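Chains as they are written, first to last, in my numbering: chain R, 159 to 314; chain L, 842 to 1595.
Just so you know, these hints were derived from the structure itself, not from any lab.
Since the structure is predicted, the reported quantities are computational estimates derived from the model, not experimental observations.
Quick reminder that beta carbons are idealized off the backbone N, C-alpha and C, glycines included.
Worth double-checking, as some hints may not be accurate.
[Claimed, not checked] Mimicking BS3-like on lysine-lysine, the simulated pairs with C-alpha atoms at most 30 Å apart in a straight line are:
#1 R:LYS269 - L:LYS1057
#2 L:LYS1390 - R:LYS243
#3 L:LYS1390 - L:LYS1184
#4 R:LYS243 - L:LYS1306
#5 R:LYS271 - L:LYS1083
#6 R:LYS243 - L:LYS1059
#7 R:LYS271 - L:LYS997
#8 R:LYS269 - L:LYS1184
#9 L:LYS1184 - R:LYS271
#10 L:LYS1548 - R:LYS243
[Said to hold, decoys possible] These stretches of chain L come out as covered by chain R in the derived footprint (C-beta under 8 Å, 3 or more residues):
#11 915-929
#12 976-989
#13 1027-1041
#14 1046-1056
#15 1403-1413
#16 1517-1531
#17 1545-1555
[What the hints assert, rightly or not] Computed footprint of chain L on chain R, listed as stretches where at least three residues anywhere in the stretch have a Cβ under 8 Å from a Cβ of chain L:
#18 194-200
#19 225-233
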Amino acid sequence: MRLTVNGETREYTGDPAQPLLWYLRDELALTGTKFGCGISACGACTVHVDGAPVTACVTPMSTLDGKTVVTIEGLSEAGDHPVQKAWADANVPQCGYCQSGQIMAAAALLKRKPRPTERDIDDAMTGVICRCGTYTRIREAIRRAAGLEATAAGGR
Amino acid sequence: MTTSPWLRRGEVVPLERREFVKRMAATGLLLAIGLNSVSCARGDDADDPAARNDPHLWLKIGDDGVVTIVVHRSEMGQGIRTGLAMALADELEADWSTVRIEQAIGDAKYGSQNTDGSSSIRNDAWMPLRHAGASARRMLETAAAAEWGVPVGEVKGVNGEVVHAASNRKASYGSLAKKASALPVPTDVPLKTPDQYRFIGKTVASLDLNAMITGKAKFAQDMSMPGMRIAVIARPPVYGSKVENFDAAAALAVPGVVKVVEVPSSPISSGYKPLGGVAVIATGTWAAIEGRRKLDITWSASPNDSYDSVEYRKELEASVRAPGNLVRTLGDADAAIAGAAKKVTAEYYIPHLAHAPMEPPAALASFANGKCEVWACTQDPQSAQGTVAGILDIKPDRVTVNVTFLGGAFGRKSKPDFAAEAAWLSKEIAAPVKVVWTREDDLQNGYPHTISMQRLEAGLDANGKIVGWTHRIASPPIGSTFELNQDFHSEGELALGITDMPYAIPNVRVEVCKAPAHSRIGWYRSVSNIPHAFAVGCFMDELAQAAGKDPVAFLIESLGGDRVIDMTATGAVKKVDNYGASWANHPNDTARHRRVLETVARESGWGTALPHGEGRGVAVHRSFLTYVACVVRVKVVSDGTVSVPRVDIAMDCGYAVHPDRVRSQCEGAVVMGLSNTMLSELTYARGRVVQTNLADYKVMRMAGAPKEIRVHLVASGGPIGGVGEPGVPPVGAAFANAVAAAGRARVRTLPRVG
């Protein structure tokens, strides 16, 4: 089978049951996509498949023939996607581990809904756990990236 | 770039220190970290701390002007790499754009590297980096002055250059570094005063920010090296159990699985040693996980086979309803309560909690030629070094521990069992091995936070003043993980919010009651302050209600006026620990309690009307030498479901070295405190952890998190306290008190689900 990862065409001949997560991390060394739970409960492995946010840990390779996968490494060339810039402005990350998943989920949300409501943000982001608790800053960064007025929620 | 020899690799640590570290590692006494012998591990070291002011230890300046600062503490979200670099760079007068970080390997020459106890800055822990920066600046100035033939007093290091204003001459640090590094190190350079700070106390962009938002930051789970194998281990499901026999045939049939190896188990009180089990070694992580699923293992019986944590609560209840061992007695609490106008009694229960850092533990180890190199997400590379050396039976100096980024830690990654597993397996199979813990492993084989039951009783006089107070606690101690027959909460644990309680009550009695452990017990962000602050904070609110007083006013009144509490006169049976600091330098100061309370009350709109079904609750707590007050606002709908629209938190940590990161720690502490209070519960049945993953072990998510968290830093100018942990403890009680204020039943059992 054949798929595109961050713009490059790849042949895959391995175990069709292997989740995309381990193909990315172990075989392509794209370790920006994180392992947090393995059952789609934490969202740390969120990537885009044909533009939609998908948890790579439960996405078997067999479902990806002809698909286009974008990971955090492929979101922008220079780390300057509007969501990444907003993340930097709000100084969102603490430990950083979940942030790839958060950014990929937020980028997919804004692509689908450039001016999200609070409810949209809750719905799109609640699958991605941040144990450090950066949620108020994530919300603030998404609003910034969307050009919405900052709320008082940022904690600052 | 060529590098001048700022970084001397020579030995600067006196023998006593090395002996001490070795001894601690050998005996497992590193449990002291969180607790009793805190002072050993937290800055009051036996060796000469002045040796650690040497810039050669911390600093390299390349001839290209790049300033590389060695950071010896682990980055786990608190921003410490940037914070410590700011401290040195400020005194050095570095150009911030030239500053880079090098993560130190584990080495006693840096002093304690134990990133635990909110201890990286407080209690003067950051001073060596400041002195190093100041001394290096003077050496650069001296080198420039010599070159120009002018008195050193006429030149000045400013933003990466030495400047001689009179002759309008400038020389970059890079051009001076080589000469400067050969000069003697001055030890008398005055440090900057706060008005001279350029980075300290300001908000500086995190040096790791870009790596974290582009996926480039390398965590232990991300490490790899040529020839590396992945190991996933089936560990004993019950603490104290071990492999009886196993069948690996099906596992070995999984493509990619190369070997199945039994890992030796460690008996109960296993400390930092691996639990043992069966390791599946594979060429990839997926194959290792699949292989492990196909193992057929028979586990031996364990004395903990019948542990049921829900049933155990009854045992703890019975324990706190009978007298325990006396740890503090002042006046006559029983008589005072018997003669009081009003009497209030309450019991508070908190279940086990799991750290659940987003990155499950992982370590890569490569053993060859009698030496072992490890890459681990460890909070303490020195204890990892000692533990790995112990398991391999080699000298610690044959073990190099590299610290990766830590994807969350919260105390879990202070325990280096996972690094020891990787090291042992690497030696066993003669190849580099990365041990990957899955989320199931993390929840089921971790070092959970203790389970606890507390019973408080107090009497109020006719004016609503507390005249007598008793507090009993039954909670398996952390010490049980390291030593047999440790069934009582230790003095060190009690000093985290019970024996250091600030209220001016004339008659107090505190007792510890028996509570044997049935699992490993570990420290978890803010440790025993979680149950203690919850019980004391809730009980004070219940007393305020009984007294018919406003909770904020009642708390301030009960502090008994502004004073420094004489901690030798509290009736404590043993000396009360102060997070490893002296009470003289870091007194228990009721004025600081009062100020954070007043601040949070003012900023949260305390006392103003709320819609029906809403309520505010308050709590205050001192921990890790820092004072925090919190107001939680809840909204309860008709079916009893609680949400938290807003939290205000006021922190007085004396001085905020990196204010934005202090704020972010407070924001995170609120979210974790609410997880602990509203959602999280790790239970055991038949000795096994019931929860399997983040679908059933609940933590706060975006939709349930407060939309507003307002952080209020109180700049008291007091001595610097910790930051990472102190935000957590008051959150639980403030939440519970808010639920009561909203007209609902008092929350005395956590989590308050729904």
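Evaluation of the provided hints:
At roughly 23 Å between alpha-carbon atoms, LYS269 of chain R and LYS1057 of chain L fall within 30 Å of each other, so this suggested pair holds. Note on LYS1390 of chain L and LYS243 of chain R: the hinted pairing is violated, with a Cα-Cα distance of about 49 Å set against a maximum of 30 Å. In summary, the hint linking LYS1390 of chain L to LYS1184 of chain L is supported, as the alpha carbons are separated by about 15 Å, within the 30 Å threshold. Restraint check for LYS243 of chain R and LYS1306 of chain L: not satisfied, since their Cα atoms lie roughly 55 Å apart, outside the 30 Å limit.
Proposed proximity of LYS271 of chain R and LYS1083 of chain L is contradicted: the alpha carbons are some 53 Å apart, above 30 Å. Of the supplied pair hints, the one linking LYS243 of chain R and LYS1059 of chain L holds, its CA atoms being roughly 21 Å apart against a limit of 30 Å. Between LYS271 of chain R and LYS997 of chain L the alpha-carbon distance is near 55 Å, which puts this suggested pair outside the 30 Å criterion. Taking the CA atoms of LYS269 of chain R and LYS1184 of chain L, the gap is near 61 Å; set against the 30 Å cutoff, the hint is violated.
As the CA atoms of LYS1184 of chain L and LYS271 of chain R are separated by approximately 58 Å, the hinted pair breaks the 30 Å bound. Taken as a hint, the LYS1548 of chain L and LYS243 of chain R pair is honoured in the structure, with Cα atoms around 22 Å apart against an allowance of 30 Å. Counting residues of the region 915-929 of chain L whose C-beta lies closer than 8 Å to any C-beta of chain R gives 5; at least three are required, and the coverage claim holds. With 0 residues having a beta carbon nearer than 8 Å to a beta carbon of chain R, the region 976-989 of chain L misses the requirement of three or more and the stated coverage is violated.
Remark: the region 1027-1041 of chain L is not confirmed as covered by chain R, as 0 of its residues place a Cβ nearer than 8 Å to a Cβ of that chain, below the required three. With 10 residues having a Cβ less than 8 Å from any Cβ of chain R, the region 1046-1056 of chain L passes the three-residue criterion, so the hint holds. For the region 1403-1413 of chain L, the stated coverage by chain R is not satisfied: 0 residues place a CB nearer than 8 Å to a CB of that chain, which falls below the threshold of 3. Look at the region 1517-1531 of chain L against chain R: 0 of its residues bring a Cβ nearer than 8 Å to a Cβ of that chain, fewer than three, so the hint is violated.
Coverage of the region 1545-1555 of chain L by chain R holds. Counting CB-CB distances below 8 Å, 8 residues qualify, and the rule asks for three or more. For the region 194-200 of chain R, the assignment as covered by chain L holds, since 6 residues bring a beta-carbon within under 8 Å of that chain's beta-carbons and 3 suffice. For the region 225-233 of chain R, the assignment as covered by chain L holds, since 3 residues bring a beta-carbon within under 8 Å of that chain's beta-carbons and 3 suffice.
The structure is inconsistent with the numbered hints 2, 4, 5, 7, 8, 9, 12, 13, 15 and 16, although it conforms to all the rest.
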